[in-house]
Amino acid sequence: MRYQFYISLAGLMVAASSAAAADKIAAGTTAVVGVLETTDVHSNLVGYDYFRLAPEPSLGLDRTASLIAAAREQYPNNLLIDNGDTIQGSALADYEALVKPLACDKVLSVYKVMNALGFDGGGIGNHEFNYGLKYLSQVTGSRFDVAGVDASRARCAGPAFPQVLANVYSVKSKKPLFSPWRIIDKQITATGADGKPVTATLKVGIIGFTPPTIMAWDKRWLEGKVYTEGLRESASRFIPEMRAQGADLVIAISHGGLDDSPYSPTMENGSWHLSKVPGIDAMLIGHSHQIFPNAASTVAQFNLPGVDKVKGLVNGVPTVMANMWGKHLGVIGLHLTHDGQRWVIDKSRTVVEARSAQQADKSYVAADPTIAALVAAEHEATIKYVQTPVGETRFRMSSYFADVGDVSAIAIVNEAQANYVRAYVKASLPKYAKLPVLSMAAPFKSGNAGPADFTDVPAGSLALNNAADLYLYPNALYAVKVTGAELKAWMERSATRFNTIDPAKTEPQELINPAFPTYNFDAMSSKEVSYEIDLTQPPGKRIVKLHYRGKPVPPDASFLVATNNYRASGGGNFPGLDGSKTVIASPDTNRDVLIAHIKKTRTLTRAAHGQQRSWRFAKLKTAGPVVFRSAQGKLALAHEAGLDGVSVLKEDDGSGKGFSLYQIDLSK
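Using the working numbering, the first residue of the sequence shown is number 1, and each one after it goes up by one.
The set of hints was computed from the structure by calculation and includes no laboratory data. Possibly wrong hints are sitting among the right ones.
[As the list claims (entries may be wrong)] Each computed DSS-like pair below joins lysine-lysine, with the alpha-carbon atoms no more than 25 Å apart: (1) K347 / K434; (2) K362 / K347; (3) K541 / K362; (4) K481 / K621; (5) K505 / K434; (6) K384 / K426; (7) K541 / K527; (8) K434 / K527; (9) K225 / K24; (10) K541 / K599; (11) K431 / K481; (12) K347 / K311; (13) K134 / K219; (14) K621 / K650; (15) K650 / K434; (16) K186 / K134; (17) K481 / K527; (18) K581 / K426; (19) K650 / K634; (20) K362 / K434; (21) K100 / K112; (22) K527 / K505; (23) K488 / K431; (24) K541 / K426; (25) K100 / K599; (26) K650 / K362; (27) K174 / K219; (28) K551 / K527; (29) K225 / K134.
[Said to hold, decoys possible] Across the chosen pairs, the derived CB separations fall in these ranges: (30) R155 / D260: 39 to 45 Å; (31) A607 / A103: 22 to 28 Å; (32) A377 / K619: 43 to 49 Å; (33) K650 / G224: 51 to 57 Å; (34) D361 / A623: 36 to 42 Å; (35) T603 / G579: 33 to 39 Å; (36) D361 / D194: 40 to 46 Å.
As the structure is a prediction and not an experimental result, all values here were calculated from the model. By construction, the Cβ of each residue, glycine as well, lies at the ideal position given by its N, Cα and C atoms.
Based on the sequences and whatever the hints tell you, model everything.
Next comes the structure, spelled out in structure tokens:
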């Protein structure tokens with residue numbers, strides 16, 4: 001036994017010596033390393049739409065898996081990294097978090113898939129916090145030293161790869177909630193100056209960041225438990241540590257987009273400023289659900305100074321954003337040269353691209369069948385769950401024409417929210433009993449992810465999946481007390497959804513401002529409120545004829561407005577909505593409130609629950625067409641909603657995405 005021990009020790013010493021020799025890299029050695037990114041997967045694991053109960057090939061990690069396999073074949077030296085917004089966002093995610101919570105020893109489905117795909121690391125997005133810190137601690141296999149979480153309990157099952165987050169700290173310990181950074185040792189094959197293959201260990205440091213605005217968006221879970229730090233401050237603190245610990249490369253996993261406005265430690269999209277921190281070699285970004293690089297992009301954040309939307313550079317740093325839901329795979333092909341002391345990136349040869357699961361002929365890459373098999377039980381359980389009946393509707397509720405006035409998909413949401421607040425005030429807040437109760441809701445789905453990305457609930461039985469389609473997010477119902485002036489400012493902010501229209505222009509004018517997301521287009525659907533949006537005016541001066549019960553709304557009037565925790569706490573940057581006006585912070589989610597209301601109402605009709613519209617465009621005659629896009633073949637729905645001024649300009653808008661080009665006659 002003693003002899004065998006010495007032989008083994010000698011072998012280890014020889015192996016260590018060989019490794020040291022291998023890592024003594026000669027000047028002129030080159031290597032190519034593929035850095036692969038997924039982002040904003042939102043637990044879309046297989047190509048299936050749980051709202052429509054039908055296969056949906058445009059999304060799912062099962063198809064991303066095929067892109068990953070192809071990229072790994074091209075780049076044998078590779079790292080696969082997730083950017084965040086991973087554990088929330090699908091019916092399956094809600095099922096695992098809220099309906100049948102996981103046992104401590106079970107791995108969350110999305111992490112089970114990622115483990116199988118061999119992810120090397122991951123970041124933390126803002127939606128990771130939506131279910132609370134206790135749940136996040138469990139499913140990530142972490143021990144958070146925060147109030148309400150038992151840090152002494154056994155570590156639960158989690159992902160098999162490290163997750164990093166540098167800018168969120170525990171109030172209790174003043175330490176980062178997650179490991180701020182990690183160094184991954186990657187064995188790579190390089191090419192020596194003599195042309196011969198060389199084996200080397202590449203030390204890749206990863207560091208993660210999430211939007212500091214989580215403190216407003218998930219205030220109910222986070223206040224008093226964690227605090228955030230600015231991206232620039234955290235990066236400046238930790239990147240020197242990473243270099244001191246031997247990191248050859250530093251990859252920033254930043255769950256945020258690009259914004260070159262003056263830097264703030266609380267800014268939502270700080271990646272543009274982050275790219276200027278010394279020591280970052282590559283940047284993986286997300287949150288905005290966009291594609292970067294993209295030479296044809298008209299998105300404002302990709303047309304900023306220092307941003308090269310063709311080559312995928314942000315202030316000289318190779319950067320990629322891989323859309324959402326597994327639709328794309330981000331790929332950075334880093335070309336490295338060793339100068340005898342360190343690896344240097346050859347930016348002239350480095351290639352950045354976002355590879356689509358949809359091919360040039362509009363078909364999709366094949367799904368990896370092993371992914372569906374891996375989560376088959378969870379998938380089937382989710383389908384059964386969402387089929388639970390809650391009521392019926394005698395009209396079709398959709399968001400295809402929500403931007404031009406169809407309230408069929410939001411009226412029932414507003415009704416449910418307002419009724420809930422009225423009952424809450426009567427039972428618990430009698431001092432507000434005399435205040436009018438209103439409600440704001442937004443059409444969450446308006447084609448951002450393609451022509452299938454609209455709310456569409458057919459007439460007939462209503463099930464839980466329909467309620468989830470009507471209210472997409474697991475927000476909590478909040479109510480705020482606002483003045484008439486603040487209510488109007490809220491509406492003005494919502495009206496940013498539209499471009500300013502010049503009546504004299506003869507060429508087509510786009511109605512929709514793509515930089516303003518539809519989930520921020522709050523609107524009312526109350527017979528007691530009416531207002532118009534004057535599109536000839538610039539943003540901030542568009543709301544006219546604002547009336548309550550037929551009379552102009554005075555600036556000093558008072559209202560209670562039902563909304564959600566995201567909006568009430570500052571989400572969307574609405575004037576005055578910063579958390580200070582919240583008077584009801586309900587423990588119930590908006591979706592649960594909606595479901596309860598449908599169960600109580602039982603049968604929905606268009607006349608009673610889907611027709612009342614508070615807002616209209618101010619009448620305007622234009623010399624040329626005012627146009628917008630929606631799914632093909634839906635004109636009849638616009639007319640059913642009373643939108644007679646809507647017509648089809650082109651059945652196919654020419655984008656290749658399956659949209660029609662519609663026009664609206666604003667004079668009607």
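Consistency of the hints with the structure:
1. K347 / K434: 65 Å, violated
2. K362 / K347: 32 Å, violated
3. K541 / K362: Not OK: K541 and K362 at ~42 Å, beyond 25 Å, violated.
4. K481 / K621: 37 Å, violated
5. K505 / K434: Since the Cα atoms of K505 and K434 sit roughly 48 Å apart, the hinted pair is violated (cutoff 25 Å).
6. K384 / K426: Distance ~37 Å between K384 and K426 Cα, so the pair is violated.
7. K541 / K527: Within the cut-off at roughly 24 Å; holds.
8. K434 / K527: Holds, at roughly 18 Å.
9. K225 / K24: Violated. K225 to K24 sits at ~46 Å, over the 25 Å cutoff.
10. K541 / K599: Violated, because 40 Å separates the two Cα atoms, which is more than 25 Å.
11. K431 / K481: Satisfied, since the Cα-Cα distance of roughly 12 Å is no more than 25 Å.
12. K347 / K311: 10 Å, holds
13. K134 / K219: 15 Å, holds
14. K621 / K650: The given pair, whose Cα atoms are some 21 Å apart, holds under the 25 Å limit.
15. K650 / K434: 50 Å, violated
16. K186 / K134: Roughly 33 Å between the alpha carbons, so the hint for K186 and K134 is violated.
17. K481 / K527: Between K481 and K527 the Cα gap is close to 20 Å, so the pair holds against 25 Å.
18. K581 / K426: Given pair K581, K426 holds - Cα atoms ~19 Å apart, limit 25 Å.
19. K650 / K634: Roughly 12 Å between the alpha carbons, so the hint for K650 and K634 holds.
20. K362 / K434: 57 Å, violated
21. K100 / K112: 17 Å, holds
22. K527 / K505: Violated, because 35 Å separates the two Cα atoms, which is more than 25 Å.
23. K488 / K431: 24 Å, holds
24. K541 / K426: Outside the cut-off at roughly 36 Å; violated.
25. K100 / K599: Measuring from Cα to Cα gives roughly 22 Å; hence the hint holds.
26. K650 / K362: Answer holds: K650 to K362 is near 20 Å, not above 25 Å.
27. K174 / K219: Distance ~18 Å between K174 and K219 Cα, so the pair holds.
28. K551 / K527: Holds: K551 and K527 sit about 13 Å apart, inside 25 Å.
29. K225 / K134: 11 Å, holds
30. R155 / D260: 39 to 45 Å: 41 Å, holds
31. A607 / A103: 22 to 28 Å: 48 Å, violated
32. A377 / K619: 43 to 49 Å: 56 Å, violated
33. K650 / G224: 51 to 57 Å: 54 Å, holds
34. D361 / A623: 36 to 42 Å: Given about 39 Å between the Cβ atoms, the range holds.
35. T603 / G579: 33 to 39 Å: 38 Å, holds
36. D361 / D194: 40 to 46 Å: 44 Å, holds
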